[in-house]
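Using the hints, put the two chains back together into the complex; each one sits in its own frame.
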Amino acid sequence: MITPASQWSSANAAPLKMPIYAFAVGAEALYTTHDLTRFGVTGAPAYSPWLTIPTGASQSIDIVQCTSSIGELQCEVLDVGGAVRQFVGATTLVGLTATLSVGYPGLSWAQFVPLHTYTVYKINPSDGYTSFIFVCRDPQLLEKTTIYLHPENGGLLSDDNPWYVCGSPIDVYLSVLLFAVGLPASAVDLAWLQQLNGPAEGLYYSARPFLFRLTESFQAKQFLETEVFKPSLLYQVVLNTGQLSLRAPKPPAAGASPVFTFTQDNMTVLPKMDRQPLMNEAVWQFDSGGSDGSSGSDYGSYNTYVEADSILAFGRGDQQFRVDSKGLRTPCGAFWWSQWVSRRLFRRFAGGASSGSGELRGGAPVYNIEAFLMTLPVWTGDYVAVTHPRIPDVVTGNLGIAGRVMEVIDREPDYQNGKMTYKLLDTGLTGLAPAAVWGSGTNAFKFGQGRIY
Amino acid sequence: MPTANYPKIVYNPGGGNVTLTFTRGPQNFHPYVQARVHDNLSTSGAVRERVVENLDILIEFGMEHQVVDDDVPAWASFLMYALAGGGFQFYPNQGLTDCYNCVLEDTGWKPKWNAPKKYAFAYLFRILQDPQCPPDPGVVLRRLHGVTS
Numbered sequence: 000m001i002t003p004a005s006q007w008s009s010a011n012a013a014p015l016k017m018p019i020y021a022f023a024v025g026a027e028a029l030y031t032t033h034d035l036t037r038f039g040v041t042g043a044p045a046y047s048p049w050l051t052i053p054t055g056a057s058q059s060i061d062i063v064q065c066t067s068s069i070g071e072l073q074c075e076v077l078d079v080g081g082a083v084r085q086f087v088g089a090t091t092l093v094g095l096t097a098t099l100s101v102g103y104p105g106l107s108w109a110q111f112v113p114l115h116t117y118t119v120y121k122i123n124p125s126d127g128y129t130s131f132i133f134v135c136r137d138p139q140l141l142e143k144t145t146i147y148l149h150p151e152n153g154g155l156l157s158d159d160n161p162w163y164v165c166g167s168p169i170d171v172y173l174s175v176l177l178f179a180v181g182l183p184a185s186a187v188d189l190a191w192l193q194q195l196n197g198p199a200e201g202l203y204y205s206a207r208p209f210l211f212r213l214t215e216s217f218q219a220k221q222f223l224e225t226e227v228f229k230p231s232l233l234y235q236v237v238l239n240t241g242q243l244s245l246r247a248p249k250p251p252a253a254g255a256s257p258v259f260t261f262t263q264d265n266m267t268v269l270p271k272m273d274r275q276p277l278m279n280e281a282v283w284q285f286d287s288g289g290s291d292g293s294s295g296s297d298y299g300s301y302n303t304y305v306e307a308d309s310i311l312a313f314g315r316g317d318q319q320f321r322v323d324s325k326g327l328r329t330p331c332g333a334f335w336w337s338q339w340v341s342r343r344l345f346r347r348f349a350g351g352a353s354s355g356s357g358e359l360r361g362g363a364p365v366y367n368i369e370a371f372l373m374t375l376p377v378w379t380g381d382y383v384a385v386t387h388p389r390i391p392d393v394v395t396g397n398l399g400i401a402g403r404v405m406e407v408i409d410r411e412p413d414y415q416n417g418k419m420t421y422k423l424l425d426t427g428l429t430g431l432a433p434a435a436v437w438g439s440g441t442n443a444f445k446f447g448q449g450r451i452y
Numbered sequence: 000m001p002t003a004n005y006p007k008i009v010y011n012p013g014g015g016n017v018t019l020t021f022t023r024g025p026q027n028f029h030p031y032v033q034a035r036v037h038d039n040l041s042t043s044g045a046v047r048e049r050v051v052e053n054l055d056i057l058i059e060f061g062m063e064h065q066v067v068d069d070d071v072p073a074w075a076s077f078l079m080y081a082l083a084g085g086g087f088q089f090y091p092n093q094g095l096t097d098c099y100n101c102v103l104e105d106t107g108w109k110p111k112w113n114a115p116k117k118y119a120f121a122y123l124f125r126i127l128q129d130p131q132c133p134p135d136p137g138v139v140l141r142r143l144h145g146v147t148s
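These protein sequences, in sequence, are chains A and B.
Counting from 0, one number per residue, gives the positions in the first sequence under numbering that gives the first Met the number 0.
Counting from 0, one number per residue, gives the positions in the second sequence under numbering that gives the first Met the number 0.
Looking at chain B on its own, in the form it has when it is part of the complex (with noise of 0.2 Å):
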């Protein structure tokens, strides 16, 4: 039976491992390949060659609630690494091991009041194309879900 755990983020801002548990669980979490490709189409319209520099894989998701005297300090912490850059390891499932390499494609952080101490913020992470990359997006969408195969 998969376990549905929530996810979670490992990074190192200099001092070791520092681990951001998510205490609630994102909303609309939707993984998306980014396809970076060139089109040629022949003149007699029965040929198209796709050159392809890579399909990358994007997570977006939204954090609606999050809470001023909760999360959202170790969130502003992990931002302000990883809007200078810093890449992190983003783990769709604290329950397994399998987790992916990342960077923080956003350029801000604003958050947008929902109710008294609640936030609501948007994220977009980029899966750089190493080694541990997903081969597609249906791979993260199971492991947020516990579903390891």
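Chain A with its partners taken away, still in its complex shape (with noise of 0.2 Å):
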């Protein structure tokens, strides 16, 4: 979630608004909706006040394949007396970090929020060519990268020359980011991420399973998404300050907290919903090449996890879950792994049967929410409470929820016309203990109280 500074939050919440928009050109230039100075905004740096308002970018996650999609953000400038267009001829600007901003009348310019930090991708004059449109994609784009080099020698990746990546989930992750894509570690959520791999949140931090042996060219994102985030059932998310980050399959070890809550006051419609497919079959190949990944590419390891309750009572899933990893090796703890991400694939999509997931009588339920402009902090990855007496509660056949906890996992804003849409996972935390904890400080130890942990 964006945690801005009070009094943003208090002009963002209030029922009437006039969100002042603001799109910075690196360091080149500065666009706003509205005239500054005009409307009581202080120690803001030389600006233009063409930007017309843009409709946002959105993320969206695959939940399950654990890919992310690529935003895109598109602002379009007004070219008064050709100004914007000598400034794009006259200046390298795509690759850029471009920033749009919001803040409210009367606000200084240091208390604006930045809510999307892309890279400028190209530049088009509008049919008419009244106004110039930058088009700006989030930093996954840099991830698109082909790594062909050795990260450590720099020669070409081959046989001779392999790359051995080892490790979590987490340490793969920023051994291809930061050494192979080159990215600097501001790019990345680093506390997060640290967090993620800490003892505190008792995940990864005795788990090293993945033993890459790269022997050839790659695509960055491709190989996260298919080797890393798959298999660890990840899900990358960019933030609003331009950072990469991941979201893990389970709560915090605090507990999942929502940052917010939707009601009857800030929804404008009644959500639609739906359903995801049942999985409780989880198919593993690893192994790769031998334990090494030296001796060719088969597979040399296959396992198969069944949710027997699940099919119990739903029969089998339409969707099966199927990993074919090259990084996953036995003597790292392949099997322990897979089976114990198979568990957490089946406490949030196997139906709830018995897996302690709250009873979800089928497929994880989705809903599709519209809400106010106000609730525009709240983030992809974040858990959020729905409160509504008008949804009928799948779980128990009654009318109304009160504070259901959700996982958002796709935000579409659509700031020209004031209203936020969201996409909102329910995987049945609703009432579950957060995890126990024995000790204190950094070697505490936690076990779960409930299924999940």
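Among these hints, one or two may not hold up.
From the structure, some residues in chain B lie toward chain A, with a derived Cβ separation under 8 Å [claimed, not checked]:
#1 N39
#2 E52
#3 Q128
By construction, these hints were calculated from the structure, which means they are not laboratory data.
Ideal Cβ placement from N, Cα and C applies to all residues, glycine included.
See the structure below:
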């Protein structure tokens, strides 16, 4: 969730508001939707009030395949007196960092909050040539780089010059991004990733299941999604600051604390509902090329898990979860890892017959919510609560739900029309206790009170 | 005592400022607010969120008796400039210094015959939202009638 200063939050939560959007192209130019001086915004650098209100960029997650869409932001700037045409023609802008921020009248410039920190991808004149459209894409675009050089010695990747990458999924993720792709450390949400990797979360601290022997070129994003995220049920999100971050398949050890509550007073329509496909079978192949990856490309180990209670209750799901991993290794703990991840998968998507997920009675419900613009601090990957007297409770059959905990898996802003749309995933977290802790400090031992930990 | 003077327009077509002084008063002069807003009504009906893009001020008036060999030529020159997108300064009262940066909202200039050598025209100006923009249309009306407060 975006956590701005209280003055911004108050202005954003007001029932009557005038959001002022600002689009900065590197340090080269700043375009705003309103005259900042006229609306009492102090401390702003030089700007031109020629920006039209953008639609905004969406973030969408495929929660099972663990892929995330690359967001695209389009900002249209009126070409007043040919100034923008001359600017675009005289300056190299593609590749620069572009930031769309929002503030409110009377706030200082420093209180403006970034909404999207993207990279300029292309700049085109509009139809009729009255304006220029800056097309920007989120930092995941940088991951579409093809890696063909060994990061440690600069030579071509080959069988004679393999790059060994091993560790937890967070270790592999950071190795690829920081060493292979060459992103700076500031481009990733290092603090949160270190916490995910640390003992406090009880997630990956004791797990080092991956050992990749990379001998040929690969595209970083595709590699991460196929080989790291899906076998770990992680998914990537882009924060409003432009940092890349990951979200785990279980809530933090402190519990799934909702950062926001959607209610009948901030939703504009009754949500549409759907269900995720039931998944109660998981098939794993690993030990590619032997236990160290050096003996060809065939898989050495095959593993299948089924959620028996779910199959008894619902039959076999219509989608099978399948992982063909080039990096999971038996000596590194691939068997227990695949069992653990499968259990997480079933916990979320096997219907909750008796897997401790709160009796979902089928696939995990997904809610399409349209809400007020004031909800824009809610971010993809956040936990939120939903309370509404008219939404049917598909778990109990009652009319109305209260405090139902859900995960944001899709966020679509529509700043032009002043509203937000979300997709919320309900995996039955409501009412479950957080992990129990024995001891304190960094060596505290966490174990689950419920079956989710 | 407020002084009622006719309005004037100052514009620069490229060779320096040109002043277009109203030689007769506008008719049905009314500035008004055109709100660009988006309303969200909650499902409970108890809360409405209004997201405001801007509260634009427009000025609409008619010139019912423009004379062919008197003020029409000056207005014609101004309209050819303003219809092409040129901005101008509108003084509601030529005796006061208050002025607003405006653009012409019309996309055509169509005279309506009124009497021999007299034609009627309708005009719609948009006041640009810059630091000179008045806080509300009432200020424009007061200035038109020479009220400085």
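Hint check:
1. N39: holds (5 Å)
2. E52: holds (6 Å)
3. Q128: holds (6 Å)
Of the numbered hints listed earlier, not one is contradicted by the structure.
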